[in-house]
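Taken in order, these protein sequences are the chains called A and B. The opening residue of the first sequence carries number 1 in our numbering; numbering runs sequentially from there. The opening residue of the second sequence carries number 1 in our numbering; numbering runs sequentially from there.
Certain hints may be false.
One copy or two, either will do: identical chains are not told apart, so a pair holds if it fits within one copy or between any two.
[Unchecked claim] Calculated pairs, BS3-like style, for lysine-lysine (alpha carbon to alpha carbon, straight line, at most 27 Å):
id: 1; residue 1: K168; residue 2: K222
id: 2; residue 1: K318; residue 2: K168
id: 3; residue 1: K193; residue 2: K167
id: 4; residue 1: K201; residue 2: K538
id: 5; residue 1: K168; residue 2: K193
id: 6; residue 1: K288; residue 2: K538
id: 7; residue 1: K99; residue 2: K164
id: 8; residue 1: K577; residue 2: K217
id: 9; residue 1: K97; residue 2: K409
id: 10; residue 1: K167; residue 2: K254
id: 11; residue 1: K577; residue 2: K193
id: 12; residue 1: K519; residue 2: K150
id: 13; residue 1: K167; residue 2: K222
id: 14; residue 1: K200; residue 2: K164
id: 15; residue 1: K318; residue 2: K440
id: 16; residue 1: K164; residue 2: K193
No lab work stands behind these hints: they were computed from the structure.
Number of protein chains: 2
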Amino acid sequence: MDDFELACRGLYRALTIREKYMRLAFQRFPRTASQYLRQIEGESFRPEEQLEPVFTSPPKEGEDPFDVKNLPKNLGYVARMKDGVIYVYNDAAAADKHKPKDTPYPDLNTFIDDMNFLIALIAQGPTSNTNSPHFCNTYTHRRLKFLMSKFNVHEMLNEMEEMKEVKKNPHRDFYNCRKVDTHIHAAACMNQKHLLRFIKKSYRVDAERVVHNLKGKEVTMKELFQSLNLHPYDLTVDSLDVHAGRQTFQRFDKFNAKYNPVGASELRDLYLKTENHINGEYFATIIKEVANDLEEAKYQYAEPRLSIYGCNANEWNKLSNWFVRHRVYSPNLKWMIQVPRIYDIFRGRNFVPHFGKMLENIFLPVFQATIDPQSSPELSIFLKHVTGFDSVDDESKHSGHMFSTKSPKPEEWDIAKNPSYTYYIYYMYANIAALNQLRKQRGMNTFMFRPHCGEAGAITHLLAAFMTADNISHGLNLKKSPVLQYLYVLSQIPIAMSPLSNNSLFLEYAKNPLLEFHKKGLVVSLSTDDPMQFHYTKEPLMEEYAIAAQVFKLSTCDMCEIARNSVLQSALSDEEKRHFLGKDYLKEGPEGNDIRKTNVPQIRMAYRYETLCYELNLIKEGLKSE
Amino acid sequence: MDDFELACRGLYRALTIREKYMRLAFQRFPRTASQYLRQIEGESFRPEEQLEPVFTSPPKEGEDPFDVKNLPKNLGYVARMKDGVIYVYNDAAAADKHKPKDTPYPDLNTFIDDMNFLIALIAQGPTSNTNSPHFCNTYTHRRLKFLMSKFNVHEMLNEMEEMKEVKKNPHRDFYNCRKVDTHIHAAACMNQKHLLRFIKKSYRVDAERVVHNLKGKEVTMKELFQSLNLHPYDLTVDSLDVHAGRQTFQRFDKFNAKYNPVGASELRDLYLKTENHINGEYFATIIKEVANDLEEAKYQYAEPRLSIYGCNANEWNKLSNWFVRHRVYSPNLKWMIQVPRIYDIFRGRNFVPHFGKMLENIFLPVFQATIDPQSSPELSIFLKHVTGFDSVDDESKHSGHMFSTKSPKPEEWDIAKNPSYTYYIYYMYANIAALNQLRKQRGMNTFMFRPHCGEAGAITHLLAAFMTADNISHGLNLKKSPVLQYLYVLSQIPIAMSPLSNNSLFLEYAKNPLLEFHKKGLVVSLSTDDPMQFHYTKEPLMEEYAIAAQVFKLSTCDMCEIARNSVLQSALSDEEKRHFLGKDYLKEGPEGNDIRKTNVPQIRMAYRYETLCYELNLIKEGLKSE
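Using the sequences and the hints given, assemble the complete structure.
Structure below.
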């Protein structure tokens with residue numbers, strides 16, 4: 001077999017691996033790729049078998065998104081964790097004997113096998129060993145270079161034609177194309193000026209209100225600010241000091257400290273937390289103000305992340321109580337749960353006995369609310385509006401652990417050291433997959449797994465996400481692995497990029513690979529990450545698009561394509577996507593595009609589709625000789 | 001004499017040249033530089049002799065900015081052009097004998113001498129001729145390199161201290177520092193989305209209104225749009241097609257065409273002109289909407305340019321009639337007149353017999369209104385709100401003409417070819433200088449000369465502006481001449497930079513010298529140039545600052561310094577400047593700064609002042625041996 005065939009075989013297997021894990025978790029795998037895989041296997045492709053995640057549709061006219069009537073009844077199942085994954089049993093007896101219900105669970109050994117195969121496939125560097133899979137790097141590197149040149153040629157030949165199509169398209173332009181901020185943290189979703197204004201306003205109204213517990217003593221807002229030696233009237237964005245600057249570059253630790261207004265964790269508690277002396281009222285109000293701005297802008301949506309830490313089992317109840325109490329709902333917001341990878345800190349403070357407990361705290365309440373929604377109505381309502389899980393933290397911290405079949409099981413992981421990124425990712429994925437199967441059976445909405453990935457750190461992060469994640473945030477490090485980058489192209493994994501965030505943390509704006517990725521056919525969207533820390537204007541998402549357009553000289557067509565990508569990547573419901581992208585949005589290629597809604601010219605869509613098919617076909621050709 | 005002394009002597013003379021021309025025209029020359037020049041000359045510096053331009057203060061409470069009462073009475077003087085400059089005479093008899101009033105006029109021969117001296121000083125390239133002034137390039141190049149490194153060191157040492165000062169400064173931050181958009185064209189002062197919205201709105205209200213004269217026939221708006229084969233409802237920013245894109249890079253001609261919405265000059269006439277079938281009503285309304293946004297933003301000001309072409313003597317009356325009729329006044333707008341350098345086009349169409357006529361059309365009406373305000377009350381009111389002249393057009397077009405004593409006088413310049421940039425600049429300056437003397441005598445506001453300069457083309461443009469302009473727009477080409485760049489530092493000539501405009505026309509964003517200039521101590525401000533063509537968001541000036549802050553990683557201190565520069569550069573009145581910068585703003589160095597108003601730390605001010613004094617002192621030292 002020559003190198004070409006070897007490469008194709010490797011890529012083929014890699015794609016089937018992703019396809020398997022996506023199906024298992026009701027996540028997306030593109031039809032086009034599936035079609036080619038079936039052709040290679042000599043099987044027929046059945047589009048009706050393609051799986052899609054399920055998201056809650058917006059409430060009908062007059063319907064209350066917080067209505068607890070009609071919650072499904074108790075199934076009586078038992079959910080219990082074993083080896084880090086929660087299994088569902090018919091009853092306690094079955095649980096005791098570990099006879100779970102007959103749903104396909106991801107198997108750890110298979111996962112490790114698959115992972116090791118992929119690790120070998122992406123292994124780099126010239127070597128004399130002929131068994132080395134180095135060929136795949138060479139091959140994919142050349143394909144990516146080709147894709148880049150091909151796009152440049154396409155642009156030179158068809159730019160004016162694309163522009164003509166767009167100009168002829170009535171009533172739709174970049175401004176009234178829907179765009180989703182696909183990656184934003186709720187605790188930083190307002191800009192610095194907004195937070196400043198809110199603090200000043202809250203003081204004018206609530207100075208005498210008891211808002212905080214200071215070392216066991218209830219204090220008013222006035223007393224709180226006095227204890228910090230400041231008066232809100234004097235506050236400025238400078239003294240607020242939440243903006244990332246030159247000091248935060250390559251310093252994720254310093255960046256994290258910017259979440260504390262005026263460096264005071266008390267103010268973070270008061271204004272940016274769901275759980276505090278005032279039950280997170282201010283935080284809810286700020287978020288509703290942000291939502292209001294989005295609703296007024298009409299064409300902008302956002303997917304804010306709220307934290308679940310896994311420190312104790314009660315977190316979900318508190319969070320959902322906050323959500324329902326303050327009615328933090330907006331048609332322009334789709335919620336996600338972020339889980340920080342900070343087991344080491346919790347273990348160090350003895351908050352949890354082992355990693356398994358953390359997983360259990362994160363997932364068991366959701367399983368239980370899924371089995372018996374009426375037992376926790378607030379959580380059940382909240383879960384309807386949750387669309388996925390994110391895994392967050394500084395990726396450049398290296399854990400030193402290598403995930404293998406010999407790794408301790410989560411319940412055995414009781415050392416203070418953090419497990420590896422991949423370990424976190426696998427166990428989150430496995431639980432989400434199991435949970436989605438249960439929820440799907442019940443006709444409930446499912447969750448996507450959308451971790452932060454490839455912002456920094458090892459390229460194995462991107463490998464783990466390739467196996468498990470519906471889509472990712474950042475993806476910068478795809479620069480470093482041609483094999484993975486090519487696989488992300490082939491399987492059209494959406495990537496929420498935040499070049500302004502990167503500019504303050506990891507990579508200068510002009511060096512950001514966004515343009516390169518976009519040209520090569522990666523599905524990129526633009527997102528703000530943390531407007532509080534990074535943005536200056538009242539419309540952070542527009543600021544993000546404007547700067548990208550200026551620095552990368554994006555055309556209207558590019559910008560509308562990126563906006564369309566953001567809607568596809570997002571957890572907007574099927575109903576909303578039909579409305580924003582056209583009724584056939586699930587079809588790939590030009591037939592899935594409605595230019596009247598997306599403003600993306602069919603010439604561009606055809607280019608993307610033909611290019612992708614050509615690459616997939618190459619793999620098919622490479623495997624023909626077998 | 002060694003090279004150092006030669007260089008100092010050259011720089012000294014260059015500074016005295018600028019000082020002379022600034023004084024003659026009531027433009028600014030920094031006190032610090034004057035002080036050193038007097039020390040070198042062994043004279044004493046008299047601060048009371050420093051001249052300042054005069055701008056109209058904002059109307060007092062209840063005062064009407066359009067009030068024509070109290071217009072000064074007729075002086076009875078006669079104004080007449082001779083050799084391209086308008087002279088003022090006591091009466092017609094004196095005019096016939098050319099016995100002008102005893103005011104110092106710039107003398108053409110001296111100007112050419114001074115210019116030739118400066119041309120020799122900036123001449124570049126190694127040469128074996130020992131008389132070559134190449135030494136000055138070497139010297140200034142080294143000084144500029146030093147200034148750059150010095151700033152970098154300052155930053156590393158004092159960044160945290162500056163930040164501390166800024167954080168301690170109560171209630172003031174970048175958002176509530178005054179900032180002036182120092183360079184913006186009225187015809188493009190709204191963004192593309194705003195224009196689009198306005199067109200649609202106007203159609204909903206005015207479809208049946210007669211708005212245009214189409215080939216001699218009066219047509220309604222509906223008929224006008226029908227004749228263009230379009231319906232405003234279908235219009236998008238794409239079909240509007242006023243945004244600069246990749247197609248305009250290095251193509252000023254294509255850029256200029258972007259002023260025509262949908263490529264139709266009829267729509268430019270209707271929406272973006274002061275003179276049309278509806279007396280410029282729509283254009284006035286759009287500008288007032290822009291002004292309204294600025295007033296609401298409170299801390300933002302702009303200096304829009306309106307055109308006077310010099311095609312006929314009636315232009316001023318029409319323009320001032322438009323201004324007064326629609327009451328186009330806002331406290332947040334300071335007006336400027338731009339004169340396009342397109343004599344060649346007018347001559348080609350036989351609109352003017354020679355260049356002198358064009359100059360006369362531009363300046364004579366202003367002299368006359370200054371001598372007898374009551375004879376043209378609207379113009380007199382308008383002139384109160386005009387603060388300066390700009391000279392505009394594509395600088396990369398080369399005229400082929402070299403300005404010298406042998407050049408034809410303007411009244412003799414009757415060929416179709418355009419005169420050189422310097423020729424234009426000299427005659428505009430000479431007339432403005434004469435005009436300012438007359439207006440100053442009458443206690444009226446004076447005009448600054450603020451040409452577009454150094455956006456492209458020959459470096460002699462920057463030399464001409466060094467001699468004649470209070471401040472300039474663009475200045476990119478200072479990159480190419482160390483001598484001029486250093487002279488602009490020493491004489492602190494403000495430069496309104498527009499990196500987003502450059503990015504679409506002449507220079508990629510990342511290569512823009514803004515950061516370098518700022519570090520070296522050039523007085524740079526940020527301006528938008530043409531929001532219609534370049535910007536995406538509702539707040540173009542904030543977009544400009546935000547992008548510069550992100551790409552160049554500017555600190556708050558940098559941004560506030562640039563904002564302060566913009567106020568200094570602007571034609572805001574003395575009263576406003578005192579209010580926005582502090583009562584001592586005319587003093588240079590830290591004592592002229594009020595951090596409570598500007599948010600610029602005294603550490604930064606002291607650094608700038610000491611650095612400038614050090615450089616000026618070097619010249620003094622170099623000349624001591626004489």
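I want to check one pair: K164 and K193. Are their C-alpha atoms no more than 27 Å apart within a copy, between two copies, both, or neither? Answer is between; shortest inter-copy Cα gap is 19 Å, intra-copy 40 Å.
From the Cα coordinates, with 27 Å as the cut-off, is the pair K577 and K193 best called within, between, both, or neither? Between copies only: 25 Å across, 32 Å inside.
For K99 and K164, with the copy left unspecified, which applies at a CA distance of at most 27 Å: within, between, both, or neither? neither (62 Å within a copy, 64 Å between copies)
27 Å Cα cut-off: does K201 pair with K538 within a copy, between copies, both or neither? both (18 Å within a copy, 25 Å between copies)
I want to check one pair: K200 and K164. Are their C-alpha atoms no more than 27 Å apart within a copy, between two copies, both, or neither? between (50 Å within a copy, 21 Å between copies)
Within a copy, between copies, both or neither: where do K168 and K222 come within 27 Å Cα-Cα? For K168 and K222, the Cα distance is within 27 Å only across copies (20 Å; inside one copy 59 Å).
For K318 and K440, with the copy left unspecified, which applies at a CA distance of at most 27 Å: within, between, both, or neither? Cα proximity of K318 and K440: one copy only (25 Å, versus 72 Å across).
Taking 27 Å as the upper bound on the Cα-Cα distance, should K167 and K254 be classified as within, between, both, or neither? between (46 Å within a copy, 17 Å between copies)
Checking K167 and K222: alpha-carbon separation at most 27 Å within a copy, between copies, both or neither? between (57 Å within a copy, 21 Å between copies)
From the Cα coordinates, with 27 Å as the cut-off, is the pair K193 and K167 best called within, between, both, or neither? between (37 Å within a copy, 15 Å between copies)
Given identical chains, is K519 near K150, meaning Cα to Cα at most 27 Å, within a copy, between copies, both, or neither? within (9 Å within a copy, 41 Å between copies)
At most 27 Å between alpha carbons: which applies to K577 and K217, within, between, both or neither? neither (50 Å within a copy, 49 Å between copies)
In this structure, the earlier hints numbered 2, 7, 8 are contradicted, and the remaining ones agree with it.
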